[in-house]
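The chain contents come next:
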Amino acid sequence: MASVLGWASAALVLVGAFFFLAGTVGLLRFPDVYNRLHALTKADNVGLGFVVLGLILQAGSLLSAFKILLIWLLVLASGATAAHLVATAALRGGIKPWKHR
Amino acid sequence: MPELYLGVATFLLLNIMVGLIRILRGPTPPDRMLTAQLFGTTGVAILLLLASALSLPALTDVALVLALLGAVATVAFVLRAWHKPDLDGEEE
Amino acid sequence: MGLIGSNWLVVPIVLPLATATLAMLVGRRSAPYLGLLTASGILLSVAAIGLTVLEEGTIRYQLGGWEAPLGINLYADGLAVFMLLMTAIVGAAVSAYAVGYFTSRQDESGRVAGDSGDRSGSFWVLWMFLWASLNGLFLSADAFNLYVTLEIMGLSAAGLVTLERRQSALSSGMRYLFVTLLGSLAYLMGVALLYGALGALDLATLGELMYPGAATWSALALITLGMALKTGLFPLHFWMPAAYSNAISPASALLAGLVGKASFYLLLRLWFDVFDGGLGPGPGQVLGLLGAAAIVWGAVMAVRQRRLKRLLAYSSVSQIGYLFVLFSLATTASWGFDAWSGGVYHAFSHACAKAAMFMSAGAIVRSVGHDDLDRMQGVGQQMPLAVAGFALGGVTLMGLPPTGGFTAKWLLVSASLESGQWWIAVVLLAGGVLAALYVLRFLNPALIQVKVGPVARPATQNLEVTAFVLAFGSFFLALLSAPLLALLRIGTPFASVLLVGTP
Amino acid sequence: MSPVTFYLLSSVGIFVVCLYGLIVHAHLIRKILALNMMGSAVFLLLTGVARRGELTDPVPHAMVLTGIVVAVSATAFALAVARRLYEECGRAYLPEEDPEDLSEEREG
Amino acid sequence: MLSLFFDAVLALALPLLAWRVLTTRDLYRAVILFIAFGLLVALSWARLDAPDIALAEAAIGAGLTGALFLNTVGGLVGRKRSPSRESDESREVAERREAIQSSPGEPVDEVMRPWWVRLALTVPILALGLALGWAVVSFPEPAIDLAQQASDNLEASGVDHGVTAVLLNFRSYDTLLEIGVLLLAVVAVWSLDLGRVRGGQAALSKGLPVLHGLVRLLTPIMIIVGGYLLWAGAKQPGGAFQAGAVLGALGVLLVLSGLVRPPLSDGSGLRIGLAVGFAVFLGIGTAVMLATGELLNYPPASTYGLIIIIELFLTVSIALTLAALFVTAPPRKEQGSKEHSEEKGEES
Chain A
1308 MASVLGWASA
1318 ALVLVGAFFF
1328 LAGTVGLLRF
1338 PDVYNRLHAL
1348 TKADNVGLGF
1358 VVLGLILQAG
1368 SLLSAFKILL
1378 IWLLVLASGA
1388 TAAHLVATAA
1398 LRGGIKPWKH
1408 R
Chain B
18 MPELYLGVAT
28 FLLLNIMVGL
38 IRILRGPTPP
48 DRMLTAQLFG
58 TTGVAILLLL
68 ASALSLPALT
78 DVALVLALLG
88 AVATVAFVLR
98 AWHKPDLDGE
108 EE
Chain C
40 MGLIGSNWLV
50 VPIVLPLATA
60 TLAMLVGRRS
70 APYLGLLTAS
80 GILLSVAAIG
90 LTVLEEGTIR
100 YQLGGWEAPL
110 GINLYADGLA
120 VFMLLMTAIV
130 GAAVSAYAVG
140 YFTSRQDESG
150 RVAGDSGDRS
160 GSFWVLWMFL
170 WASLNGLFLS
180 ADAFNLYVTL
190 EIMGLSAAGL
200 VTLERRQSAL
210 SSGMRYLFVT
220 LLGSLAYLMG
230 VALLYGALGA
240 LDLATLGELM
250 YPGAATWSAL
260 ALITLGMALK
270 TGLFPLHFWM
280 PAAYSNAISP
290 ASALLAGLVG
300 KASFYLLLRL
310 WFDVFDGGLG
320 PGPGQVLGLL
330 GAAAIVWGAV
340 MAVRQRRLKR
350 LLAYSSVSQI
360 GYLFVLFSLA
370 TTASWGFDAW
380 SGGVYHAFSH
390 ACAKAAMFMS
400 AGAIVRSVGH
410 DDLDRMQGVG
420 QQMPLAVAGF
430 ALGGVTLMGL
440 PPTGGFTAKW
450 LLVSASLESG
460 QWWIAVVLLA
470 GGVLAALYVL
480 RFLNPALIQV
490 KVGPVARPAT
500 QNLEVTAFVL
510 AFGSFFLALL
520 SAPLLALLRI
530 GTPFASVLLV
540 GTP
Chain D
3 MSPVTFYLLS
13 SVGIFVVCLY
23 GLIVHAHLIR
33 KILALNMMGS
43 AVFLLLTGVA
53 RRGELTDPVP
63 HAMVLTGIVV
73 AVSATAFALA
83 VARRLYEECG
93 RAYLPEEDPE
103 DLSEEREG
Chain E
33 MLSLFFDAVL
43 ALALPLLAWR
53 VLTTRDLYRA
63 VILFIAFGLL
73 VALSWARLDA
83 PDIALAEAAI
93 GAGLTGALFL
103 NTVGGLVGRK
113 RSPSRESDES
123 REVAERREAI
133 QSSPGEPVDE
143 VMRPWWVRLA
153 LTVPILALGL
163 ALGWAVVSFP
173 EPAIDLAQQA
183 SDNLEASGVD
193 HGVTAVLLNF
203 RSYDTLLEIG
213 VLLLAVVAVW
223 SLDLGRVRGG
233 QAALSKGLPV
243 LHGLVRLLTP
253 IMIIVGGYLL
263 WAGAKQPGGA
273 FQAGAVLGAL
283 GVLLVLSGLV
293 RPPLSDGSGL
303 RIGLAVGFAV
313 FLGIGTAVML
323 ATGELLNYPP
333 ASTYGLIIII
343 ELFLTVSIAL
353 TLAALFVTAP
363 PRKEQGSKEH
373 SEEKGEES
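Residue numbers (this note's numbering), protein chains in the order written: chain A, 1308 to 1408; chain B, 18 to 109; chain C, 40 to 542; chain D, 3 to 110; chain E, 33 to 380.
Hints may contain errors.
As the list claims (entries may be wrong) - Distance windows between CB atoms, simulated:
{"#": "1", "chain 1": "C", "residue 1": "I487", "chain 2": "E", "residue 2": "R57", "range": "32 to 42 Å"}
{"#": "2", "chain 1": "E", "residue 1": "P241", "chain 2": "A", "residue 2": "L1370", "range": "51 to 61 Å"}
{"#": "3", "chain 1": "B", "residue 1": "L31", "chain 2": "A", "residue 2": "P1404", "range": "23 to 33 Å"}
{"#": "4", "chain 1": "C", "residue 1": "L456", "chain 2": "E", "residue 2": "L322", "range": "51 to 61 Å"}
{"#": "5", "chain 1": "E", "residue 1": "L322", "chain 2": "A", "residue 2": "G1313", "range": "34 to 44 Å"}
{"#": "6", "chain 1": "E", "residue 1": "A333", "chain 2": "A", "residue 2": "F1373", "range": "53 to 63 Å"}
{"#": "7", "chain 1": "E", "residue 1": "P172", "chain 2": "C", "residue 2": "T142", "range": "23 to 33 Å"}
{"#": "8", "chain 1": "C", "residue 1": "L83", "chain 2": "E", "residue 2": "R57", "range": "31 to 41 Å"}
{"#": "9", "chain 1": "D", "residue 1": "S4", "chain 2": "B", "residue 2": "E20", "range": "11 to 21 Å"}
{"#": "10", "chain 1": "C", "residue 1": "L76", "chain 2": "A", "residue 2": "L1370", "range": "51 to 61 Å"}
{"#": "11", "chain 1": "B", "residue 1": "L31", "chain 2": "E", "residue 2": "L322", "range": "27 to 37 Å"}
{"#": "12", "chain 1": "C", "residue 1": "R414", "chain 2": "E", "residue 2": "S300", "range": "39 to 49 Å"}
{"#": "13", "chain 1": "E", "residue 1": "I341", "chain 2": "C", "residue 2": "L83", "range": "29 to 39 Å"}
{"#": "14", "chain 1": "E", "residue 1": "S300", "chain 2": "C", "residue 2": "Q324", "range": "26 to 36 Å"}
To be verified - In silico negatives: residues of chain E with every beta carbon more than 10 Å from chain C:
{"#": "15", "residue": "P174"}
{"#": "16", "residue": "N185"}
{"#": "17", "residue": "L209"}
Keep in mind the hints are simulated off the structure, nothing from the lab.
As the structure is a computational prediction, the values presented were derived from the model and not from experiment.
No residue lacks a Cβ here, since even glycine has one placed at the ideal position from N, Cα and C.
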């Protein structure tokens, strides 16, 4: 039983890591601010989500599992707000969204 | 298992290093700021992984605080730091 | 001496901290009276500590009840009490001066730029924090605790400089803040290296475990650099003229008189108690050389200044040189104690003299409206007491016989002759002559008998009186040199001291 | 080369880089940044020293905590002075030569 | 083996990042790199088994220092300075800066010392670096093991967590002076009379409802986390500083988002809140002196109780101080209106 749980959490954490990689690659490759924001939030919710899921399986007590879940929710909330604010500021700051020519 | 978590933590650290390029190259300040925001999230992930890899439960609290305060710098940047040069900013 | 006995040691630190908190809450009107109350309280407690040390020798006080390596100790020996006495006397004089300084500015507030913030309220809070950090620094026997007191001292001194909100004061305050923060950081790095190498923070324990190694040599270098920067030793004095001349005169008096001496004291304490003589002869010689160069260079620059307060600032650069000369003289040989006590004695007399001169300069500049040396004709007639105070301070700087400056110079010169480094004696005496030059640079025009009308804005008597009293005080330094030197003998690192009859 | 030594050397590296940067760069904000990072460097050294033995030493940790709070106070004050200096003279640099302030020296 | 690689990457990245922070062309990049530097330092605290410091660094570094720098840079760059009051020398520098301004809002300020100064400087600094490097590598085994002494006296200290014991009992005098530094910093900043200096305006007032929503969500959570950290300080990493820093960052968020109008409520309410921590600590320290003969020597029976009382008031004062340092404007004296200020100080 323990090894199945172990493997499952390992797999989840690796998937999470993959999404972080996707986020970073997106950050470097995308042409302008607004696309990069998508990459950023991908790494946030999905990448961290899988890592958190993997860790919850291994979490000792219920309290620490709940704490890790809370951390994920907080990151979701503040990440989304930050992305929204940056996008609004960039738009007002005169940065034109990228158009495929 | 801890060995794997440490490996993933190292991988995420390398992610941050690569992300630094965007801060250096990013044409506009908002690019840089959102990269810093991404670092915050990656930092939280690394801390959580270290917490279970090194069996240091206190690092979860550190991750909790970092998650809470990750957005403060971005908010400060957007509201206080980055103005469009001629926009004098209407009084709130 | 009963329960209260050893607790006297804590009063000079706790009292100003309590007053600072109270002054912050209570606001501008009653802050000066709180300040004066604290000044008298500290004078009383320092006197009590002095008597206890004279009778029973050094006092060691375990804070929080934990013994040395783990807990923090306060340690009062002759040197510490001597410095506490200096701070108490100069501090009390500056407090009295500041009461007159700020109240007299309230009534003619029309001329003073809109004083929206209550500057005098901030002055007293900053000054109380500074006083607490000075007393804390002189009494503390723990390396990291000294860092925290250094930081409080640096921040409050920088706050005092920037209290004068004109551009020149703000930029010199900014530069001073960088200097003091860099000095404290260098000191902290030194402490970290010492902790890494020896594993303890208590000065006495560090002294016992000390051995010349890579970590301890780097620690010595960093701490010396940091403290030389904060004291303003010759090549690192770039920040001093601007900071001393642009600040308000109570702040200049405090900075020139006390703050510079505290970082010198810290270097002295670590040099002899922890690094037992600088880990070897070399470093002491270097410091002595820089000190000698400072004496000459500072005095030459002082003579060339066109403004009164800048003249005093460069005079400080020169007088600081006297303090650092002792590092090349004070070895374990018989003249070691003479050199060491001479340097410390000079610190005390210079503190009194320079603070008094800055205070009288402040009174003069306020009344005459400018501090341009070329237009000071006949000031002596208009403000006799202030110019007299300035002259008395000048006499002490020159080191003429009846003053404390003479005692210090006598000790230093006799030590340099005994040790065979006669060139130091030559520089010391030349310094005295140069000091006469720049003091007369102001006194000559001031004492000319020329018909002058009443002064533009008569300053309150309080300013001139306190300046004169403090300057006059340095004469007592000469009269009381025997008991004061006996006080210095208690706990001095120069055990091989013979009760040779010094004046 | 135990892991702690990496961090000790890294702290020396930061200290030296920031000392150079503090002296060379004229802009006030860069100087304050340099001071801040020098503080972190010293704290890194202290924490590295604490980790050498098998029992992590709490005394340097307390020192670093105190240092962090002192550093944030000093930084806040330095930034405030820089802000005030900028308001007063429109420049975020220290004047190179001492301002021979010959303007009417009114005793402030 | 892998952890060695993690440390190597982190330890190598820090000096290089520090170098980049100082040598980048413009201020925004420098400050944002500095924020990344702060995060990496927090990770190194975590690696060096120092969770207390990681907590404080995360709270103060991420929460406050970054916001302080960005606020100041915003103040410096945002508004065009009226050239009338600048002396001629500074106008020339301003022109030079305007001329090489690259993209909007990016101040370029590569004003450095002349090349020969830089060259003359590198030799001594490199020598210092080598000497420090050699000293650090060749640290001997220290003669005194304070770690052992601290753990031996732990049970007498009234708390179970080593760092809190050292902070609030063994070396409580340091902590007392350090709280004094915080109070001093606020007074010094207020003495600069920054009240007339306009804070950087909100560049956008449209996108705020989302932020208000977030702040309203975060406020209760941060107060609970602050309380948790304060309470947990006795047994595990946490304590007054970390709790105060988190609540201070909450204050910063409240001020930034405009829910609490700066300056905070005027009059003595804020001043009492700022000074209460230091006053209580000093008061208890001197009170126990009369009982046990030494300053800050708590009577063994009530050690834990006294420490908790002190920590509670310290948290309130640290939080208020850090928020007040961010606002940098002293409470206006003449302003009659009592601002609505549900500053956490009054609540917790």
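Right, here's what the structure says about each hint:
As the Cβ distance of C/I487 to E/R57 is approximately 58 Å, the hint placing it in 32 to 42 Å is violated. Taking the beta carbon of each, E/P241 and A/L1370 are about 34 Å apart, not inside 51 to 61 Å as hinted. Taking 23 to 33 Å as the suggested C-beta distance range, the pair B/L31 and A/P1404 conforms, at roughly 31 Å. Look at C/L456 against E/L322: about 53 Å separates their beta carbons, and that is inside 51 to 61 Å.
Taking the beta carbon of each, E/L322 and A/G1313 are about 60 Å apart, not inside 34 to 44 Å as hinted. At about 37 Å, the beta-carbon gap between E/A333 and A/F1373 misses the expected band of 53 to 63 Å. Between E/P172 and C/T142, the C-beta spacing of about 59 Å breaks the proposed range 23 to 33 Å. Hint check: C/L83 to E/R57, Cβ distance near 59 Å, so the stated range 31 to 41 Å is violated.
Distance hint check: the CB atoms of D/S4 and B/E20 are about 19 Å apart, consistent with the given range 11 to 21 Å. A beta carbon spacing of about 54 Å between C/L76 and A/L1370 agrees with the range 51 to 61 Å that was offered as a hint. Between B/L31 and E/L322 the CB atoms are about 59 Å apart, so this pair departs from the stated range of 27 to 37 Å. Between C/R414 and E/S300, the C-beta spacing of about 47 Å keeps the proposed range 39 to 49 Å intact.
For the hinted restraint 29 to 39 Å between E/I341 and C/L83, the CB-CB distance of approximately 31 Å keeps it satisfied. As the Cβ distance of E/S300 to C/Q324 is approximately 57 Å, the hint placing it in 26 to 36 Å is violated. Not every CB of chain C is more than 10 Å from the CB of E/P174 (nearest about 3 Å), against its label as outside the interface. Its closest Cβ contact with chain C, about 7 Å, brings E/N185 to no more than 10 Å, contrary to its assignment away from the interface.
For E/L209, the requirement that its beta carbon stay farther than 10 Å from each beta carbon of chain C is not met, with the minimum near 5 Å.
Hints 1, 2, 5, 6, 7, 8, 11, 14, 15, 16 and 17 from the list above are not met by this structure, while the remaining hints are.
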